[in-house]
Structures are given as C-alpha cells and as structure tokens.
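**Q** Each chain, written out:
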Amino acid sequence: MTELPLSTITLSTGFGLMLIGMWGMLVRKNIIRMIVGFSLIDTGIHMIMVSLGYIRGGTAPIIDGSVDRATALTRVVDPIPSALVLTAIVIGLGITAVMLAYAVQIHTHKETLSIEDCSDSKW
Amino acid sequence: MVEALSNPLNLVVVALGVGFLLPLIDRSSPALARSLFNLALVYQAALPILWLFWLANGAPTQEIQTAGISPPFSINLRFGMEEAFFVAGVNLAALLGGWYLTDLLRGRAAAMSVFLILTMGVDGMIMTRDLFNLFIFIEITAIATFGLLSLERNAAALTAGFKYIIATSLASSFLLLGVMLLYYLTGTLNIDDMQAQLVLVHGPLGLVAMTLLVAGMIVELKPYPANGWGLDVYENAPPGVAAMVSVGVSAGALFALYKILPLVLPFLSALAAVAGVTFLASNFIGLKQKKVRRLLGYSSIGQMSLAAAALVLLTQLDRGAAIPLVVGGLFLNHLFAKAGLFWLAGALKQSDTQDWRGLRANPRLLALFGVLLAALVGLPPFPGFWAKWELVMQLSAGGLNLWVAVILLGSLLEAVYLFRWFGQAMQASKHEPTLSGRAHQLPVMVAVLGLFAAGHFAAASFGVDALRVLAPLYIGIALMLLHSVPARVQGLVSLVIVGTYSYQVLPAQDGINALFGAMLLGGGLLMLVAGLYRGDQRLGHYPLMTMLLLSFGGLLQAGTSLEFFVAWEFLTISSYLLLCRGRDAAPHTLSYLIFSLASAFLVLAGFGLAYAETGSIALAALERVEGNAALVLSLLGLGFLVKAGAFGLHVWLPGAYAEADDDFSAMLAAVFGKAAVFGLFIAIMSLGVKGGGTDIVMYVLGWIGLLTAFFGALMAVFQEDLKKTLAYSSMGQVGYMVTALATGTHLGWVAAGYLSVNHLLFKGLLFLVAAGIVLRVGQREMYRMGGLISNMPVSFFGMMIGIIALSGVPPLTGFGGKWLMLNALLEKGWYWQAGFAFFASALAFLYLFRMIHTVFLGQRKLAHKDLREAPLALIVPQLVLVAVILAFSVQPTWLVNPVAAIMADYLPQTLEVHGSLIKSGLGYWDGFMVINVVGAVFMVSLLILLLLSRFMRVQRVKQFNIVFAAERPERPETTHYAYDFYSFYERALGFLVLPRATAFWNGVSEWSHSLGSGLRVFYTGNGQTYALYILLYVALLYFAVGDSV
Amino acid sequence: MQNWPSQIGYFMLNLTIVGLYGMLLSGIVARTLAKVQGRIGIPLYQPFLDLAKNLGKRTAVSHGVMFYLGPVFRLAGGIGTLAFVPVLYGSEIFGNFSMAGDLLLAMYFMFFGQLGMALGAGESGHPFSAIGIARGLGQMTAYEVPFALAIIAIVVQYDTLSITEIVAAQQGGIGNWTVFTNPLAVIAAMIAFLGMTAYPPFDVVMAPNEIPIGPPTEYHSSYLAMMTMNQAVFAGAKLILFMALFFGGATNLVELVIKTWAIYMVAVVVGAAFPRFRVDQSIRFFLRYPTLIGIAAIAYTQAVLLP
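Residue numbers (the numbering used here), protein chains in the order written: chain X, 13 to 135; chain A, 731 to 1775; chain F, 105 to 411.
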C-alpha cells in the first residue's frame, strides 16, 4: 500500500471535478462560467466511468499470448466503460455546444450573461 | 421488402437517415425536403400502428438485436404491445405536431431534421432495453428539444430554454453516473440481465447508484418543486414544440421509468410520494395561473405525475394487469387532449385566459375546446375517464384510500381552473380571439376524433357495451347535425327519439327503477314538450336535452356501478352545457360544475370502497358491503346530497336553478333533482338498514334533510326573484325526501317516493308557470309584477293548484306527503324531527303566498295591461300536470298503493289499505272521502254566497279605486309593500340565513388559491435556484430512502 | 257501512249548533271585554244582528273571481275543520266525518280557509290586505311550533293520531285529562292557542289602528257576513279540538259548552290584559319559551310517561 492505485486517483479526481463543477453551476452567476461548470461535471463523470472499469495491474482487453481465456476475467481491464466514455464525451460536447449557442443568443437578445437577469418567467 | 420496411428498428434508422439527408436535399429542392419530411413522419406514425395491429393479431413481441450478438453483450431493443402503443401515440402526436408546425418549419430543413430526431429519440427511449442506450436516447431527445426550443427567438423563450438545458443536463449527469455505478455493481447494462443480478446491488454504493438512477428519471418527469424550468418552457416555447415536450418527451420519460422500476424497488414509495405531491401541488398552483400556456404546463405536469403515480402504485400493489388500462389510458388521454390544447392555444394567440372571451362566437372551436377540456378532466367517454375509474377501483381494493382522496381532490382542482377558463371562453365579448390558419385547426380536430375513438375503444376493452352505454352522447352528437333545421322540428325529433326510447325501456323496469323511470323519463318528456314554446334556434338545446334524457335511461338500465357512473357523468356534462345556455348563467356555471364533479367523485370513492370489499362492481353487490357499509353509505350519501343541494352544500343551487333557461329550470328542479334522490334511494336501500354504524349515518342524514328543508324554506321566504324562490323551495322539498328516506322504514320510504312524485308534479308546474311569466313580463323580480290574474288566468290556476299541492293543505296531493312523512317520523320515534318538519312546512306558506299574491294578485303595473296568456306549449304541460295532481288527489291510493308495493320488496309492508282508507300504525287517512267532504263543503259555501248575496249593477273596481300606498312606480323597491315583503320575519329570524354557507365555500376557494400561491413561491425564475432544487431533490431522495432501507 | 243521508243530516245539525254557539261566544267575549274596560257593552245577541245587517246589504263592485271565492274558501275551511273533528265522544250523531282522517288532517285543514282567504283578499288589490296576511302567516308559522310540539307530545303519550282514541284515553276521571297527565304539553298548546285566536297581544294581523282590520279590508256585505259565520264555526271547531285533545273531550253538550267557554276565556282574559306585540316580537316570543316548553313536553312524555 505504498502507492495509490491509478484508479483511486482518477476516481477521486473525477469526484473532485464534479463537485467543483457543481459549485460553479450553482454559485457563479455568469452563464459562461456555469457552462464551464457543467463541462467540469461532465469531465468528472467521464473520469469516474473510466476508473470504474480499471483493474489494478490489469492489462488491455486483448486476448493474446499474455492473457489466456481462463484468467481473462480477472486480468483484463473492462473495455466497456472506456467505450461508453467515448459516447458520453460526444454527447457532453454536443450539450456544451448547445449551451454556448444559447449563451450567444441570450447575449444578443438581452445584452447580459448573468443568470439572474434570465428570470423572465416565473410562478 | 415488406419485412424490411416493417422492421421496428426502422423507426430509428429512417429518422436518422432522413434527418441527416434533409439539410442536404434542402439545398437543391426545399419542396422535396418538405415532402420527404412529411413522408418520414407518416411512415413513423404508420409503422407502429400497423405493428399494434399485427401484435394484437398474434405476432410475437419483436426483440431487436444489434451488432449480430445476442444480449446482454449487445444493445437490444424490444418492440412489444406496450412499446408499440406508446411509440404509436408519440409518433401520431409528432405527425399531427409536424402538420401543425408547417408554418414554423417552412424553409428550415435543420429544424425539420431535429424534429424527426426528437421523435426518434423518444421512440428509442421507449424501445431500448439497455440502460446506457437509454441514456443516449434521452440525451438525443434532450439535444433535439433544445434545438427546437430555440425556434422562437425571444428573450423569454431563450432564457427558458437555457434553464431547461441546465436542469436536464444536470439530471442526465446523475443518470449517467447512476448507470455506470450499476454497471460496476452488476457487470451488465441490459435491463433484464440487471434485474436478474439485482442481489448485487446493495450496500451504500448500491443505494447511491439507485438514487442517482431514480433521480435522473424523476427529474425528467418534472417533480414539484424542482420543475420551474419545465413550466418556463411550456409557457415560452412555440406551442407546437411545447406540445411535443409535454406529450412526446414526457411519454418517453414515463415509459423509461416503467422500465427501470424493477431495478429500484426500494424507491417505489418515495417515487409515489413525489408523484402524488407533484400532482396535488401542480393543480393547486394551477388555480392561480392566468396565462394559458403556463396553465397547460401545470396541467401537463399534473397529468404526467398522475400517470407516474398510477404506474408506481399499481406496481407496488402488484396489480400489473391494470397498468395498460390505467397508464395507457391516462397517456392516450393526455396525449390527445394536451397536445390539442397546446395547438389550440397556439392557434388563438391569446396569452391570457381572460382574452379567450368571445370564443362562443365560433361554436366549432368552442366545441373542440370543450371536448379537450372534458377529456383532461376525465369525463366520459374519453380514455382518462376509464383510466381514473380503474385506478380508483384498484387503489381502493389495495386499501390506499388516502391516495384515492389525493387523486380525486387533484382532479377536482384541475377541473376548477380548466373550466373557469371554459367559462371565460363562453362569455360574450366584443372582440373575438383571432385565429390563424387551417393547418392549426385540423390537427386539433384529429386529436378530438382520436379522443372519441380512444374513449370508445377503452370502454370496449372494459367489457362495457360501449355502444349502449355511450349512446346518449352519440345520439346527442348526431342531433347536432340538425342544428340548422327549425328549432321546433328539432324538438319533435328529440321527442320521437326519447319517446321511442322510453316506450322501450320503461315497461322493462320494475321496483324502484320503474317508479323513478316513470318520473325521470315521463317528466323529462313533458319538459321537452314545454321547451317547444321557444321558436328561436337554441344551438345545442335539443341535442343536449336528448342526451340528458337518454342518460336518465342509462341510470335506470345500469347494472354496474360503472355504467351508473357513466350515466351520472353524462348528466353532469349535458346539464352543465344546458345551464351555460342561460343568458345570465355565466357566474353560476362553474360552481354548478364543480359541485357536480365533487358529487361524482364522492360517489366514485364510495363505489371504490364497495368494490374493495365485495370485489364486484355490480350495483346489486352494494348490498353485500358489510364492514365498510357506514363509510360507503356516507360517501354515496354525501355525493348525492351535494347534487340534491343539501344544506351547506347548496350554494350552487339557487343560481343554477334561477339562471338556467326557463324551461330548463323546470327540468333541473323538477326532474333532474330526482336523479339525486334516485341515487340516494339506491344507496340507502342497499346499505341503510344494516344497523351498526349505518344507523348513525342515517340519523345524521335525517337531520341534514330537515335542516335542508328548514333553511331552504326560510331562504325562499326572503327572495325577491320568482325563480330563486322556487329554487330554494326545491332545495327545501328535497330535504323532506332525504329525511323520509333516512328513517329506514317502509313507511318512510313510501313517504319519500310519494314526496318525489308530488314534488315533480307541482314543481314542474310552478316552474313552467314561472317560465310563462318571465316570457311575458320579461322580469323575475316579483314586486315588479302584480295583478296578472286577469291577463293570465290559466297560469294563475296552475300556480294555485301548484302551491296548494306544495303546501300540504288537504285535499290536494301535498297532504298525503305530509301525512306519510309525519307518520313515518313519529313511528320511528323521531319526535323532535317531526316538530322541526312542522315548522319547516309552515314556512312554505310564507313564500307560497308571496309568490302567488305578488305576481298574480294585488295591483297590476300599467305596463302589463296588455300581456297575453302564456303560449300553448307551456300551458298544455301545465294542464297535464294539474290533471295528474287532481287525479292523485281524488284517489291517493292510486299513488300510494304502487309505491307501497315497491317498497314492500325491500322492507315489510306497514301500510294497511282498505278501499280508499289508508292506515298507518298511528293514524288513518281516507283521501277519497276528504276530497268529497271538502268539495261538498265548498259547494255549500259557494251556494251560501250566491244565495245570500244581493248583487246590484256590479262594476269592476278600477285600479285607481284602491290606494297604492304611496307607491313610486319607477322605483318600487323604495315604497312597494311587496318589496321585502317579509321584512319583519327577517328581523325575527333573518340572522339564521346570513350567507354562511356561501362565505364558507368562498373561504375554501380563497384558501385553496392562497395555498396555490404559497406553493409557487419556489418558482423564482432563476435557473440556478432550479438547479439547486434538483440537487437537493437527489439528496432528499437519498436520505429518505436510505433511512428506510 | 255508512249511512250517507243521515250522516250528512247529523253534520248539518252539528254545524248549526256549533255555529250558533260560536256567534253567541263572540257576543260573550265582546261583553266581557267591555266589562273589563268599564263599559256596558253590546247585548249578547248583537252578533246575530250584525250578521243580518251585513246580509241585507247589497254589493255593487267586483274585484274578480278570486275575490268572490275568498269568503267561500274561508267558510269551507271552517266548516271542513269542524267536519273532521268529532264533537262529542261516543256519539254517532256528533261524530261528524272524523273517519276521513286523523289529527294531522284536522291540523292541516285549518290552513285551507286561511290560504283561500289570503288569495281572495289578495285580489282586492289593497295593500293593507296583503300586509295583514303577511303578518298573519308569519305569526302562524311561529305559533305552529309550540302547537305542533304539544301535539307530538300527546301523540307520543297516547300512541295514536286518532282524535277519538285520544279522547277515549282521557275518560274515567278528571285525573286522566291531558292537562293533568301532561301539563307541559297543554301549556305549550294553550300559548299557541293565544296566537291562533289573534287576541292581544297577538292581534297585529288585524291591527285596527294600523292597517284597518287587515285582510278583510275590502270585504263588505254578504262577504263579510260569510266571514262572520266562519269565525263562529271555525272558533267552535278549534275549541272542540282543544277540548278533545287536552281537556278530556265532552260526552254531552253541556260539558262541551262549559269546557269550550272556559278555554276561550283564557284567550280573552289574556287579551284584555296585554298590549300588542309587534309581529317580529311575537314570532320570537313563540319560538322561545313556548317552544322550549313544547320540547320539554316531548322529553317529559318520553322519559316519564312512556316507560
């Protein structure tokens, strides 16, 4: 137990990023900063996803000479989270892009980027 | 080829393909792009509908695999009956929505493709069996929604869209994290596989995983109070898009919730609570809302949470078999009705509900509007009605009575704000709401047709003989086609229909049904004839009257409580709409409808409880209720009492009875009121004589009836308005029937039956006389009339017979009622009650004398010198009623014997009849002899007058021979003795009739509205606050469930 | 079963007796009141003279059919009420048509004449008539309450609604009269009786100085005569009813005269001693103590007499 496993580091970093992102989304008034906050949450989640599949000392999930079928389940890193993360990243990108587009439009129409000025409808 | 075209996966493939092609094709040929878009929408809608058909005919559920590998190693989608149903609904809405959005989408190929992809996203949410794939489809849907929301480029729409994005992306982040944690725990993403591995989901991490998954799903369903962002979008998005969000996206979320429920069993109670709170809160807050689209937003959220609550509760109760009917019904109902309303709201371009005034100038639009609202409120024949019925039955059977109360209360609140809106649309206004484009109307029409079709189908799938049960409605609608035919011809057609129907139905009835059948249908036909006095085109009058009368038949023929309830609701609808026809009825229609619905809901709750105990909805099974008998009797009794206008619950009655069209007032008071008495009869006959707790209920009912009789009479005394006097009088008279029924003795029931028949006769007579007076004089304030006896002698005669029959003075029929009732009360040992009944019946003399004197006797107003007698169409039914009254007066046994025989089926006969002599345990009464003695004595007196009087050049007294008591004709209320006629009585007892009941109900209304405005303080409009709510929701969910796990 | 001609003949006899007695009674009352006020008063036969005078007058005006029918209704009401009340206990001759109905019939039939009269007077078009009737009806609703409660109490006590049976139950000694067995009920009923007779303090209906004689304002000549006749018959009928219900009934005409005279004197004496109530005051009066007494009478009957 001398060194922290890689997965623990990414996992805690991921959660850290998520919390920072949430803080950003909930506290910062500037819309752009809120979007940055969302991006951080997204990134944090991606890191968490990857680390969930990690096995300490594991190897790439390719069945060849170094890994045989019998032990594959315990030896190889789960490939699925990594695959899923790719999709998630794409989606996150899409959402961020839409958010930014909205930010631009809001700025055009309202000349402000403060979320507090965006309470046009309520009750 | 067919196989390839019919693959459900095409729903995804085609949408994606066309979606990406559209912007390219648009470059070269916008028209082609447009056609392709339309074609794709049609294909998307047609495919699942075809599949529904195939699946119903035995095709197996389609398991669609991808990548050539079987699950759980690859993503799989399922396309079974449930999926096909939801997909078909959503895609149909998309097709109509696309049609509706024609203008907005014109020349915007990108928007078209986004619209297609949105549809595809929702389809995917419904079909996929893979959690991560579900997440993907949710995100696709979300991004597409964001895109569509930006079609409207104004500040409010954009900020609303941004708030929506923040909230949903936060929610999907949680969902993603939850999915991944579950994968980590179970090693699979396949829902079915995960369900098999559910044991692995435990401990703190398992709880976190489930919490995140549930939170992600629940936020999609817009739970209160973390749903302000959703409301902002409903309010500001283009209505076509809002409709898609409300109908399509929510449906996807609902179905997704349905799929993940087995994975999150510990959360069921929390989910139900969230849905329940949201349902109730939305409807409370809706009360305060004036903006049309936000109002629809509240209604949307309410409806979807109701569906979610139903889903969760039925799962919890392990009554999955009911889910398709309930959730499917609610979904379909919401789909058509809410989308239709959003489209209508968009077409009318009026943001405030008040600005819908004047819509009545366009009857077709008004009809569409009304149908959509009726569907939302859950009136028959629409699918929501059947769903709510089944839901209430299942929840009652499961013992969830509190939930039944929540659902009924919420539905009632929803009815309040929706029909307040309808009332506003019914008001006349100089400016009419502007309309845009046919493309905006046609989808609404299709939605309405869809509602009818779905309703009929739902009814049929309930095992109900839909054609028979829904016939009143269908015949009414068919008669609407005759709207341009002269009114009297329409009237004759109605008469023929109802007459034929009665001729077929009545002979088949026996017992209490025969008695009330004769009253309801016979009396109704007579009132229908009376209606012929008006030659003007009253749009909808005869169709609605026909529907009303046929619904009476529905009550009689009902074998199950469901059929009874359908007929009951039909009565509510038709009478409400007929009431809306009244010239000044507008302020009273809403309270009429609300109290009617409250009555219906109480009855429904009662039926539910009965079902819970007996497991049967047959009306005959009511008798088998034992344990809950007192409660069921209270609920049914209270429900029918509301409709009968019992004391404290009567506030709707005077306005409705007085302001309805004059012939319809007669119908309402004389005939329709008997439907409530009929209901009471059924409830009390089945449940009232079981002893135990029901005795207490019956005792209370007895007092309620007396208080009703007393206060009805006392309030009638103080009215200036002729029809209001009659209205309060009706209230009072029904009170006697309630009391007589509540005795639970044979004699009491005979009395109640006799009183019902008699009330029908004299109150119909009096209201028809009033109709003639109002027609001729054009006013209803009695003190503005006088001396009309010389203009309208037949009407005077009618009223005289009517008031004698009402007052209970021998020898007319009224005395029989009093005699039977007092005998029943005394035999029962209800002595105080008997004394009270005496007092109440004496009060009737006051208003009766005032009525006949102020209108027909006294001084005639100069302006009324040349008035003519009432028209023949009014006089003939009056004379018929007079004839029947006289017949029963001459030989009361003609009425008493059959009624006593009917009641003897239920309780042992206590009346002895020898010839014309009727004997009770205490006294005796020979009506035939009484009328002979009275007649003889009267003739003797008349002879004395004629023989002893010495007439000499008799002159008719001129009006000015008599003092006018300083009357100022132009302002009679300042000096006329007939104004405030019983002022001294008001000084003595007026404190009893301060409008406390009205004040109470106003208080309830105000309190509900305050609660609504208190509940909506959470909606600050700030996107960050909304995000915070979502976060807190997750935390709350975690701790709430974490504690219990 | 019944012998109609003789039945009708007997009734005519009764009617004549009660009518004559009633006329005489009003003379007695007028004289008594005069004595109380220190006047000599009218001769006892004065009412007969008045009747003859009124009949002798001619009428030259018409207010319409209903106006004519008013006195007819009124008289029919009086005669009818008498018809449904047995005059003497145990006498076939004086049994009238009481087999047509019980106590409830008699109670409700009392309204018949009032209602008809109200309609007739209404057609005269005179505001005083209408005002008088309104007051009369208002007061009637109030005094009916203690009266009804008293009736209910004795119905409970004797377990029958038949007047004849109620009288039968009171036979066999003065101690069996309702007035001694159920005094509360009788007190309530007698206070109500004060209201029925419309003597002071409950004479606001006719209120001579306010709304000159109220309802009959426009009536004259033979109409007035018919109303005088009715007054006699109706008063007689009511007195007989009270006597039968509360004071043991009568088995012969002497007993009848004494008892009814005594009952009537109660109203007269009270009337001589009190000023007039305003109508709202009298309404509240009847609904207070007399009603409470009536309620107490029922409670007393239930609790003490029944078990």
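The hints are simulated quantities; they were obtained by calculation from the structure and are not laboratory data.
All values reported here derive from a predicted model rather than from experimental measurement.
Quick reminder that beta carbons are idealized off the backbone N, C-alpha and C, glycines included.
Just to be clear, a hint being listed does not mean it is correct.
Said to hold, decoys possible - Residues of chain A placed beyond 10 Å of chain X at every Cβ, according to the derived structure:
| # | residue |
| --- | --- |
| 1 | Arg-764 |
| 2 | Val-1194 |
| 3 | Leu-1758 |
To be verified - Lysine to any residue pairs mimicking SDA-like chemistry, simulated, CA-CA at most 25 Å apart:
| # | chain 1 | residue 1 | chain 2 | residue 2 |
| --- | --- | --- | --- | --- |
| 4 | A | Lys-1688 | F | Tyr-149 |
| 5 | X | Lys-134 | A | Lys-1688 |
| 6 | X | Lys-134 | A | Arg-1150 |
**Q** Hey, Lys-1688/A versus Tyr-149/F, does the alpha-carbon distance stay inside 25 Å?
**A** violated, 38 Å
**Q** Compare the distance between the alpha carbons of Lys-134/X and Lys-1688/A with 25 Å, and conclude whether the hinted pair is satisfied.
**A** With Cα atoms ~71 Å apart, Lys-134/X and Lys-1688/A exceed 25 Å; violated.
**Q** Please confirm whether Leu-1758/A is truly not at the interface, meaning its C-beta sits more than 10 Å away from all C-beta atoms of chain X.
**A** violated, 6 Å
**Q** Would the pair Lys-134/X and Arg-1150/A pass a check requiring their Cα atoms to be no farther apart than 25 Å?
**A** holds, 22 Å
**Q** Is the Cβ of Arg-764/A more than 10 Å away from each Cβ in chain X?
**A** Check passes; 25 Å lies beyond 10 Å.
**Q** Should the label of Val-1194/A as a non-interface residue stand, given a Cβ cut-off of 10 Å to chain X?
**A** holds, 42 Å
Against the hints set out earlier in the document, violations occur for numbers 3, 4, 5.
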